[in-house]
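Protein chains in written order, with my numbering: chain A, 1 to 274; chain B, 275 to 628; chain C, 629 to 921.
Incorrect hints may have been included.
Straight-line Cα separation of at most 20 Å, SDA-like style, residue types lysine to any residue; simulated pairs [unchecked claim]: (1) K267(A) x R825(C); (2) K230(A) x V722(C); (3) K267(A) x I811(C); (4) K267(A) x V722(C); (5) K427(B) x A510(B); (6) K427(B) x R820(C); (7) K427(B) x E817(C); (8) K267(A) x F690(C); (9) K267(A) x S798(C); (10) K267(A) x E817(C); (11) K242(A) x P759(C); (12) K267(A) x Q809(C); (13) K441(B) x A510(B); (14) K267(A) x L808(C); (15) K267(A) x T732(C); (16) K242(A) x A33(A); (17) K267(A) x Y799(C); (18) K242(A) x G51(A); (19) K427(B) x R375(B); (20) K267(A) x D725(C).
No lab work stands behind these hints, which were simulated from the structure alone.
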Amino acid sequence: MRTDWVAHAVLLIGVALFALPVWLVLAGSTQTADVIARGELSLIPDPAGLGVYADVLFHSGHGTSPVWRMLTVSFGMAVCIAVGKIVISVLSAYAVAFFRFPFRNLAFWTIFLTLMLPVEVRIIPTYSVMAGLGLINTFTGLTMPLIASATATLLFRQVFLAIPDELVEAARMDGAGPWRFLRDILLPVSAANVAALFVILFVYGWNQYLWPLLVATDPSLDTVVIGIVKMIGTETATEWNKVMATAVLALLPPVLIVVLMQRWFVKGLAEADK
Amino acid sequence: MATLQLQGLSKSFGEAQILRSIDLALADGEMLVIVGASGCGKSTLLRLVAGLETATAGRIVIDGRDVTAVDPAARDIAMVFQNYALYPHMTVFDNMAYGLRIRGLSRAEIASRVGQAAELLGIGALLERRPRQLSGGQRQRVAMGRAIVRDPKLFLFDEPLSNLDAKLRVQMRAEIRRLQRRLGVTSLYVTHDQVEAMTLGDRLLVLHGGRPVQLATPMEVFSRPADTYVAGFIGAPAMNFLPAELANGGQAIRLASGKTFPLPNRFPGGLVTLGVRPEHVALAPDGIPLQVELVEPLGSETLIHGRMADGAALLAKLPGAAPVGDAVSVTLDPAALHLFDRETGNRIEPVPAG
Amino acid sequence: MERRTTFPGQLLPILLVAPQLALTAVFFLWPAGQAIWFSTQRQDAFGLHTEFVGFENFNDLFTDPLYRDSITRTVFFCAAVAALAMGVALLLAVFADREIRGRTVYRTLLIWPYAVAPAVAAVLWLLVLHPQIGLLGRWLNRHGVDWDFRLRDGQAMGIVILASAWKQVSYDFIFFLAGLQAIPRSVVEAARIDGARAWRRFRTITLPLLAPTIFFLIVVNLVYAAFDTFGTIQALTQGGPGKATETLVVKVYRDGVVNLDLGSSSAQSVILMGAVVALTVLQFRVLGRRRAD
């Protein structure tokens, strides 16, 4: 096969375009703060500077918690949102697809409506609702509003509607009731979708900014994404190498998950919209 | 009007050698069918001629012009794909007009050519439809129409009938033949179906493992197959193969069971594989005893699956509805025996008389 | 759409769907209702007395040149981000679709940025383009460009578009690649044999067959640029300098949370809700019709 130089060139430039900012920040994190402040950042990481990660992980900064705590909050939030969303979506989609009940269509369209109301559009009112429920500054307050939206429900509904009739009939003949069917047949068949959605929702939950900003005023509830923006807030006193290290830590977990589960993720994404 | 020549054409993908040094010369207007089992390299050969793959070695010459390094767009060829490959977002008319528009023909000329081809193929009423609204047979005709309007130097067919149901296949087979004869365009047709090969080709090229095994007319391939592969591939039900050895100075043949037949000619060699088509096995008294395992009455013929005394299987095709018991006695028509070298599988010709 | 085979029973499904309905009611319907309600209210300067003012808040917004500027700014921003992200993604997808060595590696390397938070993407680009500490920022200043996006409106908008598009390219890339791979290879080969060279093939065969994907991505990208970029803008410019990068969603936040103008920001939220509903309905209408093809 003749080598396609043009393709390689274009793709390499693309890869570099994405890798460079991250590499720069990674390299910078290992250098000292004054070197960076003077603008003499080198593109080669300094192994001696790796201590900054330990520093940033375990010590508080100006008005920010130690990064390990922020990572834990982010992680907890992402997992709760992912799992919570998957569970209620599976249940709702199952109900809407496999049963006929009064107001079924109304229920579905109500849920569908949530697709059109991203958090950014309803921030103030949602905040006041949360305040009314006493959920400000709580972990529940962080996660609940983000669990409710419809994307996962839509996807599962689609998958469930496409399950062959023969499968259901065979199961019923074998004596399986609705719960059995869900547990023993539907879920295993949908396993790939669940895996893909987990990746998507984990990333979604981890990357939230606006909502955690509003709901959590206590620094102990800061996610790492909130934390990093706080860090660059006051420029005069910033220790840039710490900021860079935190940025690397902030993007590492979701990137790892996407890369490791790439195959399911891509499949799930391409099906998720349709 | 064009001739096609392939000289020493080879293709490998990395370590795997798909085609080994193919030499071929097609006369103007000839339809050559390339036939073989899956994986024998026939589609690769077609794609090389089309320019969709590049040859590892060798030359392709269309109408005296060396096109080995030329882009498919410039080779002036047309191809009918197995899955038709119609442009899904265009009407039938646009599908057929696409190549002509690229060549800059006038609207009037395009309309006239497309109209003529559509009439020839009986798809005039479908011109404004889209591929998804057509049946398999209709799509196939549009694919052919697209090839015809181009008036190319060469037609390439890549198993175009494989996706059609049996009845449609028979009908389209005849149409393709009639069309090709009428238009007189040099054609290469690839198939794994030996019936298509026999009925469509002026000549057949049998490929096995990337190697050309026999290049001859259909009747020649049928009556004088070059080796056991060709013999077993062409003709259905397949030829029977029995281990045997030459006896009596090459004038007779002895089966494993000991039965000996005289041969009409003298043959060289010792250990052979004897080939005999089921239709050349006849009922006869005092012949080879055959244990009947299965009888398949087809109406016009009866197939008998039998086993000889030494355990070898033999399939016989008897005319009409032949009543048979548990055991029968058969003979092999001596004039219709094929002899192949036991080791190489190649055909053994008789020693010339005199 | 319905299944032919279903399970009997009505209590069970109602119980199953109840949790999501409850969450929807509490966290979507109630706030949406509140937003609509508040949008018709105005508070006095001390926040003590609120009165019903009907559509006045909306009226004020649409006659407010600042709000209208915000709309124009947002439209420009969204269009720029969508065009940039989709353009780059399509280019990369076309080449990643070719049969070259290492293409799975390329794909992995182009997909991971999806996982980066918009706010973190902003931080990354801040660190690269900062006039003092950023390598690229300093390079620009050294070569005659008066580079400081904290002061210059145009540059601020530029960097915010760049960071937002950068993050979105991966998502678009995945969909474009899937769309390209859905085009049967034999159709493209037929075009080659019909005499079409690369550019013509792309224009007359690939793009038309990619149209549903393109349309879908346009809507997704516009919605992304309008809403999900809040974190990016906040991290980079906080909507500044002045109002140079204040898109509609940033304005809602500023007016509502920072300036505590409940009436106005609620009205803005309602307007945004309307826009999203319109876009989503449009998307489903067009895509639904195409799917029926």
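These are the hints, each one checked on the structure:
1. For the suggested pair K267(A) and R825(C), the alpha carbons sit about 32 Å apart, so the restraint of at most 20 Å is broken.
2. For a cut-off of 20 Å, the pair hint linking K230(A) to V722(C) is broken: about 39 Å separates their Cα positions.
3. At roughly 17 Å between alpha-carbon atoms, K267(A) and I811(C) fall within 20 Å of each other, so this suggested pair holds.
4. With a C-alpha separation of about 19 Å, the suggested pairing of K267(A) with V722(C) holds against the 20 Å cut-off.
5. Distance hint between K427(B) and A510(B) is unfulfilled; the C-alpha atoms sit about 34 Å from each other, more than 20 Å.
6. At roughly 16 Å between alpha-carbon atoms, K427(B) and R820(C) fall within 20 Å of each other, so this suggested pair holds.
7. Pair hint K427(B) plus E817(C) holds up; C-alpha atoms about 18 Å apart against a cutoff of 20 Å.
8. A hinted pair counts as satisfied when its Cα atoms are at most 20 Å apart, and K267(A) with F690(C) does not qualify at roughly 43 Å.
9. Between K267(A) and S798(C) the CA atoms are separated by roughly 14 Å; this keeps the pair inside 20 Å, and the hint holds.
10. As the CA atoms of K267(A) and E817(C) are separated by approximately 26 Å, the hinted pair breaks the 20 Å bound.
11. Between the alpha carbons of K242(A) and P759(C) the distance comes to roughly 19 Å, so the proposed pair stays at or under 20 Å and holds.
12. Taking the CA atoms of K267(A) and Q809(C), the gap is about 13 Å. The hint holds against a cut of 20 Å.
13. Proximity of K441(B) to A510(B) is assessed by CA-CA distance (about 18 Å); at most 20 Å being required, the pair is judged to hold.
14. For the proposed pair K267(A) and L808(C), the alpha carbon gap of about 14 Å is at most 20 Å, so the pair holds.
15. The suggested pairing of K267(A) with T732(C) holds, with an alpha-carbon distance near 15 Å, which does not exceed 20 Å.
16. Of the pairs offered as hints, the one joining K242(A) and A33(A) holds, with about 8 Å between alpha carbons and a cut-off of 20 Å not exceeded.
17. Distance check on the hinted pair: K267(A) and Y799(C) sit about 12 Å apart at the alpha-carbon level, within 20 Å; holds.
18. The suggested pairing of K242(A) with G51(A) holds, with an alpha-carbon distance near 10 Å, which does not exceed 20 Å.
19. Straight-line distance between C-alpha atoms of K427(B) and R375(B) comes to about 18 Å, which keeps the hinted pair within the 20 Å bound.
20. The suggested pairing of K267(A) with D725(C) holds, with an alpha-carbon distance near 16 Å, which does not exceed 20 Å.
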